[in-house]
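Work the whole structure out from these sequences, hints included.
Read top to bottom, the protein sequences are chains A and B. The opening residue of the first sequence carries number 400 in this note's numbering; numbering runs sequentially from there. The opening residue of the second sequence carries number 333 in this note's numbering; numbering runs sequentially from there.
If you're looking for bench data, these hints aren't it; they were derived computationally from the structure. Bear in mind the structure is a predicted one, so any value in this text is a computation, not a measurement. Using N, Cα and C, we set each Cβ at its ideal position, and we do this for glycine too. Mixed in with the good hints, there may be bad ones.
Think about it this way: if two alpha-carbon atoms lie no more than 30 angstroms apart in a straight line, the pair counts; the simulated DSBU-like pairs of lysine-lysine are [to be verified]:
(1) A:417 with A:430
(2) A:430 with B:392
(3) A:416 with A:456
(4) B:388 with B:409
(5) A:456 with A:417
(6) B:384 with B:409
(7) A:430 with B:384
(8) A:430 with A:416
(9) B:400 with A:430
(10) A:430 with B:388
(11) A:456 with B:384
(12) B:388 with B:400
(13) B:384 with B:400
(14) A:430 with A:456
(15) B:409 with B:392
What the simulated footprint calls covered on chain A by chain B, stretch by stretch (three residues with Cβ under 8 angstroms from a Cβ of chain B suffice, anywhere in the stretch; the number is not a length) [unchecked claim]:
(16) 440-452
(17) 506-515
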Amino acid sequence: EADIYQTPRYLVIGTGKKITLECSQTMGHDKMYWYQQDPGMELHLIHYSYGVNSTEKGDLSSESTVSRIRTEHFPLTLESARPSHTSQYLCASSPTGGAVARSTDTQYFGPGTRLTVL
Amino acid sequence: GDSVTQMEGPVTLSEEAFLTINCTYTATGYPSLFWYVQYPGEGLQLLLKATKADDKGSNKGFEATYRKETTSFHLEKGSVQVSDSAVYFCALRGRAGGTSYGKLTFGQGTILTVHP
Chain A
400 EADIYQTPRY LVIGTGKKIT LECSQTMGHD KMYWYQQDPG MELHLIHYSY
450 GVNSTEKGDL SSESTVSRIR TEHFPLTLES ARPSHTSQYL CASSPTGGAV
500 ARSTDTQYFG PGTRLTVL
Chain B
333 GDSVTQMEGP VTLSEEAFLT INCTYTATGY PSLFWYVQYP GEGLQLLLKA
383 TKADDKGSNK GFEATYRKET TSFHLEKGSV QVSDSAVYFC ALRGRAGGTS
433 YGKLTFGQGT ILTVHP
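If you want it as structure tokens, here you go:
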């Protein structure tokens, strides 16, 4: 069973606030990901990391930033939240496998943070 | 680039009906293919996967076969239950060495509602 945690589960804040969404995993996975899920349910990759001190932008442009100082922790920060940031944010992680990666390429998802910016 | 196209929903079925959710993909080489399920208020859970052509993934009565010739990975279940009501996502993971390696490309999701 995967162990990946996100806090808070729900957040309602006002425009202009700085927020950090937390994501932690206890599986020692090198790879971690942030997805944004819009009301139509489609998932968009906004950030990913292949290890400590490694972060990359995903397929969907986002005003958020991420950091990866420790293997188990991959927080996402919005410096100044706006109503357009209202969405569900899902964090995921996966192990690294090299030649045997195909058998270990499953991504494990956290429960998500539902963010509402008023 | 890689893409996944899923059957549009929502899909509404009666309990014990047969389920098919179509999924086709576009990718170079031999991607790994996945079905994820999202229950209300939760994150995604892996339902099943297949890593090479003709592989069949199965779990909880659901099945999907990796068809290279038709670039498809349709999800099926012979007899659905009310508890199967959820959103189902088809996804692929690009092959090693490609620009999509390690990242998942998702379909748009299909809402399934099963009535008693």
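Quick rundown of the hints versus the structure:
For the hint pairing residue 417 (chain A) with residue 430 (chain A), the CA-to-CA distance comes to about 26 angstroms; that is within 30 angstroms, so the pair holds. Restraint check for residue 430 (chain A) and residue 392 (chain B): the C-alpha separation of about 28 angstroms stays at or below 30 angstroms, so the hint holds. Taken as a hint, the residue 416 (chain A) and residue 456 (chain A) pair is honoured in the structure, with Cα atoms around 23 angstroms apart against an allowance of 30 angstroms. Distance hint between residue 388 (chain B) and residue 409 (chain B) is fulfilled; the C-alpha atoms sit about 13 angstroms from each other, no more than 30 angstroms.
As the CA atoms of residue 456 (chain A) and residue 417 (chain A) are separated by approximately 20 angstroms, the hinted pair is consistent with the 30 angstroms bound. With a CA separation close to 21 angstroms, the supplied pair residue 384 (chain B) and residue 409 (chain B) stays within the 30 angstroms bound. Distance hint between residue 430 (chain A) and residue 384 (chain B) is fulfilled; the C-alpha atoms sit about 22 angstroms from each other, no more than 30 angstroms. Pair hint residue 430 (chain A) plus residue 416 (chain A) holds up; C-alpha atoms about 29 angstroms apart against a cutoff of 30 angstroms.
In summary, the hint linking residue 400 (chain B) to residue 430 (chain A) is supported, as the alpha carbons are separated by about 28 angstroms, within the 30 angstroms threshold. In summary, the hint linking residue 430 (chain A) to residue 388 (chain B) is supported, as the alpha carbons are separated by about 26 angstroms, within the 30 angstroms threshold. Proposed proximity of residue 456 (chain A) and residue 384 (chain B) is supported: the alpha carbons are some 29 angstroms apart, at most 30 angstroms. A distance of roughly 12 angstroms separates the Cα atoms of residue 388 (chain B) and residue 400 (chain B); the hinted pair therefore holds under the 30 angstroms criterion.
Simply put, residue 384 (chain B) and residue 400 (chain B) have alpha-carbon atoms about 8 angstroms apart, close enough for the 30 angstroms limit, and the pair holds. For the proposed pair residue 430 (chain A) and residue 456 (chain A), the alpha carbon gap of about 14 angstroms is at most 30 angstroms, so the pair holds. Pair hint residue 409 (chain B) plus residue 392 (chain B) holds up; C-alpha atoms about 9 angstroms apart against a cutoff of 30 angstroms. Counting residues of the segment 440-452 of chain A whose beta carbon lies closer than 8 angstroms to any beta carbon of chain B gives 6, which reaches the threshold of three, so the coverage claim holds.
Note: the segment 506-515 of chain A has 6 residues with beta-carbon separation from chain B under 8 angstroms; the three-residue rule is met and the coverage holds.
Violated hints are absent here; each numbered hint is respected by the structure.
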